[in-house]
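In order, the protein sequences belong to chains C, P and Z. Those letters in the first sequence? Residues 1 to 213, by this note's numbering. Those letters in the second sequence? Residues 1001 to 1286, by this note's numbering. Those letters in the third sequence? Residues 2001 to 2451, by this note's numbering.
Any given hint could be a false lead.
To be verified - Below are the BS3-like pairs computed for lysine-lysine, each with C-alpha atoms no more than 25 Å apart in a straight line: (1) P:K1115 / C:K14; (2) Z:K2134 / P:K1169; (3) Z:K2078 / P:K1163; (4) P:K1169 / Z:K2351; (5) C:K89 / P:K1083; (6) Z:K2047 / C:K131; (7) P:K1169 / C:K89; (8) Z:K2344 / P:K1163; (9) P:K1115 / P:K1216; (10) P:K1163 / Z:K2049; (11) C:K71 / P:K1126; (12) Z:K2279 / C:K43; (13) Z:K2134 / P:K1216; (14) P:K1084 / P:K1156; (15) P:K1216 / P:K1163; (16) Z:K2344 / C:K14; (17) P:K1156 / P:K1115; (18) P:K1169 / Z:K2166; (19) P:K1243 / P:K1126; (20) P:K1238 / C:K89; (21) Z:K2163 / Z:K2279; (22) C:K14 / Z:K2134; (23) Z:K2279 / P:K1169; (24) Z:K2031 / P:K1169; (25) P:K1163 / P:K1083.
Simulated from the structure, these hints should not be mistaken for lab results. None of these values were measured; they are calculated from a predicted model.
One letter stands for each residue in the lines below.
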Amino acid sequence: MIVSYFVPPAQSWKDDFAIWFEILAAFAFVLGAGNLLKMHLQKVSSRQAGWGFSVITIVAFLVTLVVGLGKVGVNPNAAFPEYAWSGNKMEPGSSWFWYIFEYVYLPLAATMFALLAFFIASAAFRAFRAKNIEAILLLGTAFIVLIGRTYAGIILTDWLPEPLRFDRLTEFIMDVFNSAGNRAIMIGISLGIVSLSLKILMGVDRSYLGSEE
Amino acid sequence: MFVFFRDLDRRWIFLAMFLAIAIPLLIGIRFPEEPSQMVRNVYQEIDQLEEGADILLAFDFDPASQGELQPMAAAFTRHCALKKHKLYFMTLWPTGVPMIEQNIRILTTEFPEYKYGTDYVNLGYKPGMEVVIQSIVSEGNLQELFTTDNAGTSLKSHPMTEKLGDILKMNLIVNVSAGTPGAKEWVQYAATPFNLNMVAGTTGVGAPALYPYIPKQLRGILGAIKAAAEYEQAMIEKFPDLKENKDAQEGLRRMGPQLVAHLLIIGLIVVGNIIFFVDRRRGTTS
Amino acid sequence: MRVHVLPGALVIAATLLLAPSAFAAPPAPPKNVTAIDRPDDAGSTIKLKWTPSTKNPADARPVIQYAILRKTVGNEFKEVQTVAATESMFSDTDCENGVEYLYAVIAIASDGSRSTPATTNTPAVASTQYFDGKRSWFVVILGMITCSIIYFINLAHRGHDLKIRKITGLEAVNEAVGRATEMGRSCLFIPGIQDINDIQTVAGITVLSRVAGLAAEYDATLEVPTSRSLVMTMARETVEAAYLAAGRPDAYREDNIYYLTDEQFGYVAGVTGTMVREKPAACFYMGAFFAESLILAETGNSIGAIQVAGTAMPSQLPFFVAACDYTLIGEEFFAASAYLSGEKHQLGSLKGQDVGKLFGAILLVVGCLLATFSLNSSKATFTRLDKNRDGSISQSESSQMSKAEFAEIDKDKNNTLDSEEIGSFKSGTVAESLQSATDYIKDNLLGSNGF
């Protein structure tokens, strides 16, 4: 991979590696599904605490798998009407898979993401304390950005000269302090990556292979 | 009272947050928006292109983040259609296809003169994560990698994709992303090495990490609902007909709850700190 | 008879005069057609450039396409491709290395009429380059950093004592596992939600190895739910080896390392469910995290677990900092394995990294200084550039320009000059080349690792 980055004729190697990884990952998917079923079947058979959830997991998994692979409810592609499986598996209003996606997966995923708003509120209440100078600076910045990101920033600070208005200050904080901090972290991280990759390539750190000592 | 707040069960906070979002949403509180310079820069990138420019719309987000990102994806799509650009939709997320379809519905309902295959095409999902980006930037590879559209129809049968060529033909890459692969990968593997123009839309959490790429590698970004609302406002200023279109103001509509939620968070931080100081004083005096 | 011919000729002449469109003049040919071997590639590609036909005859139809023709020396031209009129560049990817090609470009108008061909004067030859010249800066910087890391690893190997600052987050790992043992509850380890091709996952697994070693030693239960099956396999092998190394192979439970789902929020739901039901005493989050970071960490906090997080996702760091007891920020996370191992030669790599950082900082400072002091000259260049374009903006006007306007000019510049010209313009001063070097550190170093 490193060679292919610098040597133009070797650049296609990268694609080949990627394809191999995809193939491996596809097999791994079967492995994962098998493991999932095994774990939950074990839980159900031994009536472990919460085995009811395992039943739901197994049923949901199998139903989605069958509906998705079997393209249940999908009409064939207009260009190939003789092939029943040629249709779009996400055909709105007809495909069962689409129904699962639209009315089960979509609301569930959006709900989990929306939980963030609640957790942010509770984390802000609990953890955002002005313990020292750094924390006070952080609090001040958070206050400006939180207000500046809404219309309140404009109403409350409209009377100030333009560069001091909260919405403008927010832009300034994001452009200057945020970019500078992020760049520093990025440089540190990339050096960390180089160092770790090198250690792995040189065999200095082999713990990830499980072959240490 | 003090003890109640000090030992506050976080379910009270959850309830307060729920009300802070639900009530403004139900009442429909709206606030005016003023597009920031960053949003104007992004807007300008699409607006300045000549009619019929080729734009790659890479929508790398999923249903989980659509609440935050769909308004800006819709605004981009609508703006491109108003400017009569040619649109190529694609996604690197398997769950991104329905997101593209949502935006195509905007084209079919609001722009009936826009024809599939002539004015826009849905290239669909391509597995392989960021490696796909690395592959399509090679010459002629867009054509080699994409042979059919999302519905499985040969791209050769559509006038606009008969000769798809390579990514260099795109006048602009518009990426809306919620994670990896997303804007960062598009910047690193496509926009930077090939000097392509690119703008991105991302979640509020993801935006700070993209600022370091502006303005050289990324022309601008839209961060979260706030920027989407500003973008909608910028569009309304230019195309006043959109004032009547409720769907074109999704971002603006969501800014009401956002304001109240932000105020609640500030209030919580203030209360939290009061408790902290009172506690500390009591601790030191006792 | 002659009497009849004359009116006929008159009719034809009148038709020609009155309806020029039917016999429109051919469009003007493009100009300055050049063909060169595309630099820094694997060969078989020639890059063609031309200036579009601007001054079309008044009675010619607009140009809608350009036809590209090619021939080998001594043969006839054959059309290889047509491109839209908006294009002024074409890469012929179907060339044989070492063969001399001549090209011609013909403008095609909307009525199908073709201009005279504009041809290249010198033949172009495609060739393979075995080193990508654009990346030479990158090689130099990478080489320096690599050498310094290797040097310090060797130095440590030879017994030199290297001072490494204390990382409290990592000191806490011991404490966390110990507390879980005391309380008779389990430890939960989350290796992020990316696959093993993400270096952060690998870094997470190296930390898992140390945590598993401690868990084996203290006889604590270690649970590892993963969101990728390959990560599960890798984690199983790592933990098993760690238990073996600690002399407790009997205590290893394969079923405690299991796969949940690839789906981000499905995984979060599964993990938080486990947290709430089993109430682990210690939670470790080590790997690549996205929006789920706060949900996981807040849930962990609500059950009173001691929490240590480590990630290189800058956007998720604030959440971990707020909700966890200890957070390893970026490079600390990559240093974790070396730090926890306590092996001298591993610690050497951290020292090498610091040299890289110092080098980066020096480059940044020098670049900034040079850029600042050469600001006036670059402003002048902008003005020069602009004068070339339309000659309308003066030096004083340019110095009053806002950043946004500069950006605007920058855009125009990109539109009017081709990339080579911009390249030479950029590499014009030492400051700019140094800046491009710092840019490499900032951008490419990161990009190359697919992080």
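Taking the hints in turn, this is what the structure says about them:
no.	hint	verdict
1	P:K1115 / C:K14	violated, 38 Å
2	Z:K2134 / P:K1169	holds, 22 Å
3	Z:K2078 / P:K1163	holds, 19 Å
4	P:K1169 / Z:K2351	violated, 46 Å
5	C:K89 / P:K1083	violated, 32 Å
6	Z:K2047 / C:K131	violated, 62 Å
7	P:K1169 / C:K89	violated, 31 Å
8	Z:K2344 / P:K1163	violated, 59 Å
9	P:K1115 / P:K1216	violated, 34 Å
10	P:K1163 / Z:K2049	holds, 20 Å
11	C:K71 / P:K1126	holds, 20 Å
12	Z:K2279 / C:K43	holds, 18 Å
13	Z:K2134 / P:K1216	holds, 18 Å
14	P:K1084 / P:K1156	holds, 22 Å
15	P:K1216 / P:K1163	violated, 30 Å
16	Z:K2344 / C:K14	violated, 35 Å
17	P:K1156 / P:K1115	holds, 16 Å
18	P:K1169 / Z:K2166	violated, 52 Å
19	P:K1243 / P:K1126	violated, 36 Å
20	P:K1238 / C:K89	violated, 39 Å
21	Z:K2163 / Z:K2279	violated, 38 Å
22	C:K14 / Z:K2134	holds, 18 Å
23	Z:K2279 / P:K1169	violated, 55 Å
24	Z:K2031 / P:K1169	holds, 21 Å
25	P:K1163 / P:K1083	holds, 23 Å
When each numbered hint is compared with the structure, violations occur for hints 1, 4, 5, 6, 7, 8, 9, 15, 16, 18, 19, 20, 21 and 23.
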